[in-house]
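Knowing the structure of chain A, use the given hints to seat chain B on it.
The residues making up each chain are set out below.
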Amino acid sequence: MKVDLTVNGSQHTVDVADNALLSDVLRETLGLTGTHVGCDTSQCGACTVHLDGRSVKACTVLAGQADGGDVTTIEGIANGDDLHPMQVAFRANHALQCGFCTPGMIMSAIDLVQTADSPLSAEEVREGLEGNFCRCTGYHNIVKAVLDAQANM
Amino acid sequence: MYTFNFRRASNLEEAQQLHQSSSDAVYVSGGMTLIPSLKLRLASPDDVVDLSRIDGLSAISSADGVLSVGAMARHCDVAATTDIPALAALANRIGDAQVRNRGTIGGSLANNDPAADYPAAVLGLGATIHTNRRTIAGDDFFVDLFETALDDGEIIMRVDFPTPKRAAYAKFANQASKYAVVGVMVAETDSGVRVGVTGAGACAFRLTSFEDALSTNMSASALAGIDVDSSDFNSDLHASAAYRGSLVTVMAKQAVEQLTA
Numbered sequence: 001m002k003v004d005l006t007v008n009g010s011q012h013t014v015d016v017a018d019n020a021l022l023s024d025v026l027r028e029t030l031g032l033t034g035t036h037v038g039c040d041t042s043q044c045g046a047c048t049v050h051l052d053g054r055s056v057k058a059c060t061v062l063a064g065q066a067d068g069g070d071v072t073t074i075e076g077i078a079n080g081d082d083l084h085p086m087q088v089a090f091r092a093n094h095a096l097q098c099g100f101c102t103p104g105m106i107m108s109a110i111d112l113v114q115t116a117d118s119p120l121s122a123e124e125v126r127e128g129l130e131g132n133f134c135r136c137t138g139y140h141n142i143v144k145a146v147l148d149a150q151a152n153m
Numbered sequence: 001m002y003t004f005n006f007r008r009a010s011n012l013e014e015a016q017q018l019h020q021s022s023s024d025a026v027y028v029s030g031g032m033t034l035i036p037s038l039k040l041r042l043a044s045p046d047d048v049v050d051l052s053r054i055d056g057l058s059a060i061s062s063a064d065g066v067l068s069v070g071a072m073a074r075h076c077d078v079a080a081t082t083d084i085p086a087l088a089a090l091a092n093r094i095g096d097a098q099v100r101n102r103g104t105i106g107g108s109l110a111n112n113d114p115a116a117d118y119p120a121a122v123l124g125l126g127a128t129i130h131t132n133r134r135t136i137a138g139d140d141f142f143v144d145l146f147e148t149a150l151d152d153g154e155i156i157m158r159v160d161f162p163t164p165k166r167a168a169y170a171k172f173a174n175q176a177s178k179y180a181v182v183g184v185m186v187a188e189t190d191s192g193v194r195v196g197v198t199g200a201g202a203c204a205f206r207l208t209s210f211e212d213a214l215s216t217n218m219s220a221s222a223l224a225g226i227d228v229d230s231s232d233f234n235s236d237l238h239a240s241a242a243y244r245g246s247l248v249t250v251m252a253k254q255a256v257e258q259l260t261a
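Line by line, the protein sequences are chains A and B.
For the first sequence, position 117 matches number 117 in the working numbering, and the numbering has no gaps at all.
For the second sequence, position 19 matches number 19 in the working numbering, and the numbering has no gaps at all.
A few of these clues could be false.
To be verified - If you anchor each label on the Cβ, the simulated ranges turn out as follows:
no., chain 1, residue 1, chain 2, residue 2, range
1, B, 5, A, 39, 24 to 32 Å
2, B, 12, A, 6, 21 to 29 Å
3, B, 242, A, 91, 46 to 54 Å
4, A, 41, B, 134, 34 to 42 Å
5, A, 79, B, 152, 45 to 53 Å
6, A, 92, B, 246, 20 to 28 Å
As the list claims (entries may be wrong) - Derived DSSO-like pairs: lysine-lysine, alpha-carbon spacing no greater than 30 Å straight-line:
no., chain 1, residue 1, chain 2, residue 2
7, B, 178, B, 165
8, B, 178, B, 253
9, A, 2, B, 39
10, B, 39, B, 253
11, B, 178, A, 144
12, B, 165, B, 253
Derived by calculation from the structure, the hints in this document are not laboratory data.
Quick reminder that beta carbons are idealized off the backbone N, C-alpha and C, glycines included.
If we strip away everything but chain A, and leave its shape as in the complex, we get (with noise of 0.2 Å):
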């Protein structure tokens, strides 16, 4: 099955299997291992990118379903050597400690600011995150990035 997907502002077009999912062709089919596979039962959220802007969980999106899509993963938010204010805050504010789940973080996170109203509590960071776990239960520093990041994006 050929599969038409922009992915950080590349076009590629990929000859996958019918039941690929959209996290094996990130990481095996484009090598973005950036976009790591927790759970794969689509409850961890280590696998979340963007996909046509909105926060998805990548194992749990079939290739054929995101055919013509416009894809970003966590390799796609700096700009060269200039890092997404979120990934400067998770840096600032140490929101990372086996890193494992920090890119699915960064992602949904990015999401959850840029789609709110208004600024977030953290009690609504909290919630807005709540598909994505940190098995090291950093959670604490993590709602400190997000609230730090959303005054400088």
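Okay, now just chain B, sitting in the frame of chain A:
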């Protein structure tokens, strides 16, 4: 991942043809239930027919006191539609953000998970379901566990929600999945008070004893002492049938309190 053929339909006719020509086909909309089910081999179709390329199925519009929600409208889109605040609030509490960005109302209703939120809205608000073949009253749509009035291959086009005078949805969510252990929509509509309950039974249902009580007195106290028969309710590791029975009353009271606040 389970092996299947992915078939992309560009219009309704093609979708039906692809479905009919397969010995075992399933439609996919957002895939928020289907894809995990395929991974777990809970579903094992030969062909998966994708409906996402069919034009005109995702529009949301409002006219003459009716909110029409296209079957492919995503939960996030319904959550952002303020015509019926109780419906928007319900959509905004489905699953998590990523699920709301992919999952669709048509997919949810066709799947008819006993713990899904939308069935409570369809029953509570007195919605009508329009398919590519006919119109089905919401009251006739939910048949049993994961079973609806849809025929094999039939496709939901849109759901029409009459705007209620006032309505509210309260749910006791499973902490992990955010599915409704019990969810109750209470609405005062042009055709009277309606109470739709999800999560408690094999599929969503109306609770006429509550509707009758609230018709004469729209207050939480009107529900005191009304017995909820939980003998056929779901019982699992999350909640016993009796506990769900108790939650029906508690959630209905919360919904009434929200609605009258």
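- Query: For the pair supplied as a hint, residue 178 of chain B and residue 165 of chain B, is the alpha-carbon distance within the 30 Å limit?
  - Reply: Given pair residue 178 of chain B, residue 165 of chain B holds - Cα atoms ~28 Å apart, limit 30 Å.
- Task: Would you mind confirming whether the straight-line C-alpha gap from residue 39 of chain B to residue 253 of chain B stays at or under 30 Å?
- Result: Violated, at roughly 39 Å.
- 30 Å Cα cutoff - pair residue 178 of chain B, residue 253 of chain B: 20 Å, holds
- Is residue 165 of chain B close enough to residue 253 of chain B, meaning Cα to Cα at most 30 Å? 18 Å, holds
- Task: Given the hint of 21 to 29 Å, check if residue 12 of chain B and residue 6 of chain A actually sit that far apart at their C-beta atoms.
- Result: 28 Å, holds
- Message: A range of 34 to 42 Å was offered for this pair. Does it hold for the Cβ distance of residue 41 of chain A and residue 134 of chain B?
- Response: The hint (34 to 42 Å, Cβ to Cβ) holds, given that residue 41 of chain A and residue 134 of chain B are roughly 36 Å apart.
- That 46 to 54 Å hint for residue 242 of chain B and residue 91 of chain A (C-beta), does it hold up? With a Cβ separation near 51 Å, residue 242 of chain B and residue 91 of chain A satisfy 46 to 54 Å, so the hint holds.
- Query: Are residue 2 of chain A and residue 39 of chain B close enough, with their CA atoms no more than 30 Å apart?
  - Reply: 22 Å, holds
- Query: Using the C-beta atoms of residue 79 of chain A and residue 152 of chain B, is the stated range 45 to 53 Å upheld?
  - Reply: 51 Å, holds
- Query: Lying within 20 to 28 Å: is that true of the beta-carbon distance residue 92 of chain A to residue 246 of chain B?
  - Reply: 47 Å, violated
- Restraint status (C-alpha distance of residue 178 of chain B to residue 144 of chain A at most 30 Å): 24 Å, holds
- Message: Against the range 24 to 32 Å, how does the distance between the Cβ atoms of residue 5 of chain B and residue 39 of chain A compare: consistent or not?
- Response: 26 Å, holds
The structure fails to meet hints 6 and 10 from the earlier list, while all remaining hints are met.
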